[in-house]
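Peer 1: Guided by the hints, dock chain L onto chain V, whose structure is given.
Note that the protein sequences, when read in sequence, are chains V and L.
The UniProt record's numbering puts the first sequence at residues 1 to 200.
The UniProt record's numbering puts the second sequence at residues 1 to 478.
Derived by calculation from the structure, the hints in this document are not laboratory data.
Please note that a few of the clues may not be correct.
[Claimed, not checked] Under the rule of at most 25 Å between Cα atoms (straight-line distance), these lysine-lysine pairs were calculated in the DSS-like manner:
{"#": "1", "chain 1": "V", "residue 1": "LYS51", "chain 2": "L", "residue 2": "LYS198"}
{"#": "2", "chain 1": "L", "residue 1": "LYS281", "chain 2": "V", "residue 2": "LYS131"}
{"#": "3", "chain 1": "V", "residue 1": "LYS169", "chain 2": "V", "residue 2": "LYS135"}
{"#": "4", "chain 1": "V", "residue 1": "LYS135", "chain 2": "L", "residue 2": "LYS299"}
{"#": "5", "chain 1": "V", "residue 1": "LYS82", "chain 2": "L", "residue 2": "LYS198"}
{"#": "6", "chain 1": "V", "residue 1": "LYS132", "chain 2": "L", "residue 2": "LYS216"}
{"#": "7", "chain 1": "L", "residue 1": "LYS291", "chain 2": "L", "residue 2": "LYS281"}
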Amino acid sequence: MTDWLSQVKNAKKSCMVQNNLKKVHYDFGNGREMVEEYNTDTNVVTRRAWKLKNGMDAEGEWDIELGDPEVNFNKEQLLFIKESSTQPVVTRRNTRINLEWRIRNLPYPIETYSVVVDEEKKSLVVRTTNKKYYKVLRIPELDRLYLQPVQEAVRITHKFNTLIITYKKPKQLLELEKNVLEEVNKIKPNNYGDMDCKPS
Amino acid sequence: MLETFSVEFSGVLFVVSSIKAKVEVKDLTRVERIGAHSHIRGLGLNDLLEARLNSEGMVGQEEARRAAGMICEMIKEGKIAGRAVLIAGQPGTGKTAIAMAMAQSLGHDTPFTSISASEIFSLEMSRTEALTHAFRRSIGVRIKEEAEVIEGEVVEIQIDRPVCGSGSKVGKLTMKTTEMETIYDLGAKMIESLTKEKVQEGDVIHIDKLTGRISKLGRSFSRARDFDATAANTRFVSCPEGELQKHKEVVHTVSLHEIDVINSRHQGFLALFSGETGEIKPEVRDQIDAKIAEWCLEKKAELVPGVLFIDEVHMLDLECFSFLNRALENKMAPILVMATNRGITKVRGTNYKSPHGMPLDLLDRLLIITTRPYTNDEIRLILSIRCEEEDVKMESAALDVLAKISAETSLRYGIQLITTASIICYRRNDEAVSVSDVERVYSLFVDEARSTQFLREYQNDFLGDENVLDGDMVMATQ
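Extracted from the complex, chain V is given alone in its bound form (with noise of 0.2 Å):
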């Protein structure tokens, strides 16, 4: 993978401004696409996006890497086996110095969880006393850099039966994150989220 800034800067872009939010998609060239959401008051990625290619469909699939999952009910109803709703279920957000994941559903106290930092796989391992839970979360954000994850920057809590780990983002990170966000207030915005058919 090239360096992810001179990807960002050869891709094609296009943007769109809704009230705070502006909708950025990126076109990588082959056959990658990507969008992100910022949030224009505090410039924070608050959703992104890649396009699935399925190879044979017409229509992909969007894989969520930040932000809240999206809910398919037609694929829903097809599938044979699915997680039960009470299951632990992983969200991402990040904030301005932190990456954040948010692991709902885990009832345990907080002295029953470790997350490790695998250099090996170069990701956060999750895992709890009683042998209930395990995961193994990437961190796209730091491969993008190449850069390996450091046990030191990881905090977690325990709140609500959720389980927060944050991971604080690496100098690199928050220079990469400024010159990605130059490059995207160079986009002008296609319109300001004034609809295009006029409903009568």
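Peer 2: The following block gives chain L in isolation, referenced to the frame of chain V:
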């Protein structure tokens, strides 16, 4: 083991199954039957594609082996389609052996279909259809598929009937690995599959999320003490590790023929087993060709062109040869290797004679490899290799006698005598075959020349056509 996955394109459902033969771990003592060419492991060439005198089961015939090696290189490159090769030579000069050696040297990944020309003559389908089957069986398609799988040990299965009368059952499945435990909601079809497979607590199972297929991997070691639940052939496996849901990339290899058959009719994959495929419409084939070309462009699949070997190719008739001319020009054609031992003889289906019994316009498109008869030393080497293969110990003097016999009669006759002589030796309670054993067997079993001689002398006593041996209908070797 039949695995099925389906892909949909503009309303047509392509169900592609790959039949993977279960590869058993080979024991050192081979239990398989020993065939005429089972001693061949490869072409026996060095890095410069020159043939070693005795290597990988092949002896002598250096020129032909070298040529075959070059053909193999061409096949491995995979870029040239529609080449045809003819291996021609007297009977017993290693033509089929070279073809077998080519198959071995290309490896298991390259599809190698071996047929005898007479096989295509069948009442059930036309000759061109049978040839097309053979051609398309020699081209493989490697399809990469990404699948989400759930692999773990079953902790609890809970299936509830709905409260109000009709309605589908609902169920929950709890599965675990060494690190974690998860509860899953089950759809109606999954509940059916689970009950059908008789999945119990303690079974280690593998579920494909996309197709809903369940396969039992065995029973967990922790349940080894539940004697009631174990059957006689229960396999115990350890509990899987890591996450329950994994992302797996599977590579399926199918041949174009299999794809044709599956798509030719409803429930087509059953036809693959029964063999009653019937004639497949050319429209189906064209559609499949277009689909495969698309997949190749999208890098979803890869074409693996292989080799079609037609033995005794002089048995094909004129219509087949014309079909071959055209089929070779198709860009999805495998490499065609043919073998024959006929000289200038009549082309089947016509009245004119032609070299090797094949029309001149087809011969024009071929690369021809000739094989020459073996020298005495080579014969001796081949016989000693066969002795090893058939597990027969032979004294050196006996081997010399056998080599002399083979040189005078034919190589195949000599090879036949090996096992028969070993039986006589075994009856004598001896370890190694001696000269007397060979002489005894030589007198018991006559070869072709002596048999002909015998018939000449006593032909009046035999039933059947008179004086047929002196007519011009006899097949004589030059």
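Peer 1: Now, for every hint given, state plainly whether the structure supports it.
Peer 2: Taking the hints in turn, this is what the structure says about them:
1. Under the criterion of a C-alpha separation no larger than 25 Å, the hint pairing LYS51 (chain V) with LYS198 (chain L) is inconsistent with the structure, at around 39 Å.
2. Note on LYS281 (chain L) and LYS131 (chain V): the hinted pairing is violated, with a Cα-Cα distance of about 57 Å set against a maximum of 25 Å.
3. For a cut-off of 25 Å, the pair hint linking LYS169 (chain V) to LYS135 (chain V) stands: about 21 Å separates their Cα positions.
4. Between LYS135 (chain V) and LYS299 (chain L), the direct Cα distance comes to roughly 31 Å. Violation of the 25 Å bound is thereby established for this hinted pair.
5. A hinted pair counts as satisfied when its Cα atoms are at most 25 Å apart, and LYS82 (chain V) with LYS198 (chain L) qualifies at roughly 20 Å.
6. The suggested pairing of LYS132 (chain V) with LYS216 (chain L) holds, with an alpha-carbon distance near 23 Å, which does not exceed 25 Å.
7. With a C-alpha separation of about 16 Å, the suggested pairing of LYS291 (chain L) with LYS281 (chain L) holds against the 25 Å cut-off.
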